[in-house]
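Sequence order for the protein chains is A and B. Numbering of the first sequence is given in this note's numbering, commencing with residue -19 and proceeding in unit increments. Numbering of the second sequence is given in this note's numbering, commencing with residue -19 and proceeding in unit increments.
Worth double-checking, as some hints may not be accurate.
Since copy identity is lost for identical chains, a pair holds within one copy or between any two.
What the hints assert, rightly or not - Keeping only pairs whose Cα atoms sit at most 30 Å apart, straight-line, the calculated DSS-like set for lysine-lysine is:
#, residue 1, residue 2
1, K94, K231
2, K136, K92
3, K215, K74
4, K180, K121
5, K(-17), K136
6, K164, K179
7, K232, K24
8, K18, K121
9, K92, K195
10, K121, K110
11, K4, K215
12, K121, K74
13, K95, K171
14, K180, K21
15, K216, K18
16, K179, K110
17, K24, K110
18, K215, K232
Note that these hints are calculated values from the structure, not bench results.
There are 2 protein chains.
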Amino acid sequence: MLKLILIGTGNVASHLFNTFLNSKEVSIEQVFGRNQEKLKKFSKYVPVTSLSSEIKEADIYIIAVSDDVIISVAQLLGNKQGIIAHTSGSVSIKALNHKKAAVFYPLQTFTKNKKIDFSSIPICLEASNKEDLIVLNKLAKNLSNSIFEVSSSQRKKLHLAAVFANNFTNHLFQISKDLCDSEKLPFDILKPLIYETAKKLEDLNPSEAQTGPAKRNDVETMQQHLEQLKDPIHKKLYQLISESIIDSNEKKL
Amino acid sequence: MLKLILIGTGNVASHLFNTFLNSKEVSIEQVFGRNQEKLKKFSKYVPVTSLSSEIKEADIYIIAVSDDVIISVAQLLGNKQGIIAHTSGSVSIKALNHKKAAVFYPLQTFTKNKKIDFSSIPICLEASNKEDLIVLNKLAKNLSNSIFEVSSSQRKKLHLAAVFANNFTNHLFQISKDLCDSEKLPFDILKPLIYETAKKLEDLNPSEAQTGPAKRNDVETMQQHLEQLKDPIHKKLYQLISESIIDSNEKKL
């Protein structure tokens, strides 16, 4: 039985908590968090504390807090003997400054109150030694079938890639919704296209799947589109993404 | 039984052909196309021709050709009595210059040799009169459960919205794949995130679903990301999309 202590009470901590709570190989010994109000929902199931002096001993401490407080939270665990793993995409393993420092990074977008099925979520692991990596693997297998060993420098790039694939993509969906709204068209009309755009990647890589006026270098259509865009930032975005598509085309030739 | 003639032999024409061929309420009378080689695969099932003088009479002519030849192809049908409908997102109904001009625009991305299930694809209809709209509706119901009446000016905006939601999004996937490649990480590691980004829209609108460093105005992470991007166009893209996310944030406040 792996003894686990969760540090944090936010979105990622809650999702991990809910999944590990039902695991037969993991026992959540305690949840630590600064916010007493947020600790309440955990206290129904396991011991909780907001005092760092009360943090118990465990095999693994999972730090699921905002990037900017990881270092200060890790300092509270400086004298612990267990593995200390953060869950961030962009913070180096070195930030933990611990001989059993590790990373347990689930690569997914977490939405409050929306249940997550971890089984297909990639878990990116990094450890300070082989023994710890074996323990982290055991822990990760309780969540997911998709486990990767990813170094800090790889993870940094991966996090950047995820910003393009998720955050930026979602913003483009926002712009397309605004365009629908401006003509009183329901955004639902675009959703099948959006799903297919993602699903296509099962069969084709993105460069094979690329279509549209920029791909065809269809100057007339691009000009018409630009004239329809009122927001100056959206206009610049249209131009720059089109330029980038044309640039990729030329690099392929 | 609706008598249908298909004009064109490309991607959209092939997908429509395969679906209508199995319909009990639609009879494909003929396929017309300039390219004799491409006509061959249709000729196994229905009469084909590459001579405009041989085009038969029908209830509906569906023009599924590139935008830039729609006008010239429509001229070949000037003396026909049936409904003349093009399938383009960006061309006005007026371009057809026919008293029974119409639009039959399936809003989806079509990939060669990849079978399409039309049932959930939105079909956007426009007609020159109510009677023709009823006929087009009957035709569309043979394909899809999702039918919309969309005017030429609405369709123009919708097509632009689709460029953001599909073409531009796919290009961001390309950039994220390049970033994975640069660190020898499999692109598969990002796919669950990409699916979830699309799936989230079932429950949340994109502005609610927005996360990431730009949303949080996390200047330090954005700076680190910019330093990692080598391609100058990708750097500019990162800055501009982040700027656009921050701008949307401020407009919401």
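- Task: Determine which of the earlier numbered hints do not hold for this structure and return their numbers in increasing order.
- Result: 7, 11, 15, 16 and 17
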